[in-house]
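Colleague: Once you've looked at the hints, dock chain A against the given chain U.
Chains U and A, in that order, are what the protein sequence lines are. 5 is the number that the numbering used here gives to position 5 of the first sequence; each next residue is one higher, with no gaps. 175 is the number that the numbering used here gives to position 175 of the second sequence; each next residue is one higher, with no gaps.
Worth flagging that the hints you see were computed from the coordinates, not collected in a lab. There's no promise every hint is true.
[Said to hold, decoys possible] Taking beta-carbon pairs under 7 Å as the criterion, some of the chain A residues facing chain U (in silico):
| id | residue |
| --- | --- |
| 1 | E70 |
| 2 | L149 |
| 3 | V150 |
| 4 | R153 |
| 5 | K154 |
| 6 | G199 |
These numbers come from a predicted model, not from an experiment. Quick reminder that beta carbons are idealized off the backbone N, C-alpha and C, glycines included.
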Amino acid sequence: MRYSCPKCGGENQLEIVENEYLKCSYCNSSLYIDLDGLTLVYSYKSLINSQNLSLHLKKDFEKTGFSENFKIINSYPLYLPFWETEAKKQLERGNSRFADEFINIPSEEKKTFDFEEAAGEIEVLEPDTQPESGKKRNLCYMPYYAVVINYKDKEYTFYINGINGVVTGDPIPYVSSDETIKLLPLFLLIFAAAFIVNYFFDNLIIALIINIITVFILYNLSLKKINKKLYSK
Amino acid sequence: MKVEVFSCSECGGPLKVAVSQFVVSCNYCGVLYHVKQKIPPAVSIKSSITLSDAKRIVLKELKDDIIAREFLHNSFFEKGTLFFIPFIEVRGIKSKETPLHNSNIVEFNYQAFDYIERGSDLNDLDIDFIESSLVEESLLNAEQKEFNLVEMRKSGVVLSMKNYTFFTNRERDAAESVIEKHYRIIYIPVWEINYSYKGIIFKSYVSAINGDPIKIQALKNHKKKLFYSILGLFSLGIIFSRGLKLLLFSSTAANLGIRGGGMFLLVLAGSGIAALFLFFLLFPFLWETFAFREIVSKRRDGVKSSSINYTENSFTKFGNRIVKRITSALGMVKIEINE
Chain U
1 MRYSCPKCGG ENQLEIVENE YLKCSYCNSS LYIDLDGLTL VYSYKSLINS QNLSLHLKKD
61 FEKTGFSENF KIINSYPLYL PFWETEAKKQ LERGNSRFAD EFINIPSEEK KTFDFEEAAG
121 EIEVLEPDTQ PESGKKRNLC YMPYYAVVIN YKDKEYTFYI NGINGVVTGD PIPYVSSDET
181 IKLLPLFLLI FAAAFIVNYF FDNLIIALII NIITVFILYN LSLKKINKKL YSK
Chain A
1 MKVEVFSCSE CGGPLKVAVS QFVVSCNYCG VLYHVKQKIP PAVSIKSSIT LSDAKRIVLK
61 ELKDDIIARE FLHNSFFEKG TLFFIPFIEV RGIKSKETPL HNSNIVEFNY QAFDYIERGS
121 DLNDLDIDFI ESSLVEESLL NAEQKEFNLV EMRKSGVVLS MKNYTFFTNR ERDAAESVIE
181 KHYRIIYIPV WEINYSYKGI IFKSYVSAIN GDPIKIQALK NHKKKLFYSI LGLFSLGIIF
241 SRGLKLLLFS STAANLGIRG GGMFLLVLAG SGIAALFLFF LLFPFLWETF AFREIVSKRR
301 DGVKSSSINY TENSFTKFGN RIVKRITSAL GMVKIEINE
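Next comes chain U alone, as it looks inside the complex (with noise of 0.2 Å):
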C-alpha cells in the first residue's frame, strides 16, 4: 500500500518518526497512519500550571458537594488523541481510556503535533478508538494531567484538561456524614420506646402484646424515614 501526504500529495517525502507517526520533509506536516488512511496530526498548547492541579480537583469536587481532604499520590502530564471530524461540532475521544466521549473544541489555534520533541517528556498516548462518521478526520492532541489521588486507602484516576482545567473521571463513591448521624434520634426513639413500655407493664402477657404492636409500628415509621432520608434527593 502507497501512502500519500493528505496536505500536500507528496509521496516520497514520508519519514517515519516512530512506528505509526510520520513526518511530511515537503510541508513539514506530521501523519499518523490509522487503520484506513493517513490522517494529519495536530496538538494544543498547555495553558495550566501543573501546582494548580489540586484546586482545579478541588472546585470541580464542590459541585457534588465532596469537601473531604484528599491526598495526591501522582500526577503527570500526558497528551490525549481526540478526533476532529466534518460531521462533528465536538471533538470525539481517540483513546477509550478517557471517561468521556466528547469535549468542546477549544477556542486556541491549534499547531502542528511534533512527536519527537512532545514524546521526549511527555507521555504520547496511541488513539484506539474510530470515529463513526467522515473519512475526512484530523487526529488531535489535548494536553491532560493525570492525577491519582488516594482517598480511604483507594486509589481514583482523573484527567484535568491542560486548556480549561475541566476534570473528567468517575467520581468518588461518597455518603454525606450528615445523614448518618440523622438517624441518630430515630434509633434513641426505638429504645426509649422498649424502655417505657417494659417498665411501666408488670403483666408479662400484655406487655408481650405492647411490644410486638410498637416493633410493629416503629418499623413502618422508620422505613418511611430511611427511604425519605437515604434514597429521595
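Modeller: Here is chain A on its own, set in the frame of chain U:
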C-alpha cells in the same frame, strides 16, 4: 530482535522488518509499506442487542426483591459502552505414552484437546470474571463475523490482547508432548451500562450476543436489616428496663438498703449513662454490619454484596476505635489502629 527481509515491489531493494514494526520505508526509493504482523486468525461474534435493548434488560433485572425499589426510581442512566473482549481458543493434538502390562512395549495414544483462555486481564472493566461457558454457548448459537477492527472500533471499544503467554509457553507444550496447536482469537461483545445514584456510579454488564445479564450492580434492599436492627435495639431496651426494675424493687435491693429518693436517681442516671454508652458502641456497629447502603451485585454464579464506604463522623470514629480496642484485647481480631 528478529528481523525478516523482504524486497521492495517498486525497485526490488531489500526491506528490513523488525517484529514490532508497523511501517517500513525502502532505503533506495523511499516508498512506505504498512506491515501486517502475523497474528492468529480472529473472529468477532455478531452483537444482536442494541443499547436500548441492553438498558431494558438492566431495568428488568433491577426490578428484584433484593434491590431497593427506591434505587430504581432515583438513579439516572449515564452511558452505555460496547466492549469487545478477546478470548483465545486453543485446539490441538497431544500424544500420551502408556507402557503396556509386563512388557517393554509402549503404547502411543493421540488425544485431541481444546480449551478457551482469557485474552485480556479485564482491568479496564469492573468485572474480574467471565466464564468460558459464555464463550462456548455463543460459539454454538451466535453468528460469527469476520474480524474487522475498523467496523468494531466504530461501534465500541476493542480491548487489546494482553495475554501473550499463549504464544510462548513452549515448555509446557514440551512437557505435555503437544504435537500440534492452533490458536484463534474470539471477540465477545459485552454491553457496559453505567447509571449513577447520588454521585456513585454503578456498572452493569449484559452480553450483547443474547442479552444474558452477566453482572447487575445496585443498592441492596435494606428492609430486612432494618427490622433486625430495630429488634436488637428493642431487646436492649427491654433488658435495661427489666434490670432496672429488678434492682429497684426486688428483695435483694431492699436488703442492700438502696431504696430511697437519692439512690433511685443515682441508679437511674447510672443505668442511663450505661445505656447511652452501649448504644454509641452499637451505633457504628449497626452501620458497619447492618449497612443500609450496601451494593449488591447479581452475578451468573450467585449474589455477592459489599458495603459502600461512607464517610466517618466523630461519633462513629470514636465508637469504631473503642470496638477495635475491645475486640483486639479479647483476641477476637487483630487490627492495628492508625491514628
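Colleague: Give a verdict on every hint.
Modeller: We went through each hint and held it up to the structure:
Using the Cβ-Cβ criterion of 7 Å, the hint placing A/E70 at the interface with chain U is satisfied: the shortest such distance is roughly 3 Å. With a least beta-carbon distance of about 6 Å to chain U, the hint placing A/L149 at the interface is held under the 7 Å criterion. Proximity of A/V150 to chain U holds as hinted, the smallest CB-CB distance being about 5 Å (cut-off 7 Å). Because the smallest distance between the Cβ of A/R153 and any Cβ of chain U comes to about 4 Å, under 7 Å, the interface hint for this residue holds.
A distance limit of 7 Å between C-beta atoms decides the matter here; for A/K154 the minimum to chain U is near 5 Å, and the interface restraint holds. Hint on A/G199 holds. Least Cβ distance to chain U is approximately 5 Å, under the 7 Å limit.
In the structure shown, no violation is registered for any of the earlier numbered hints.
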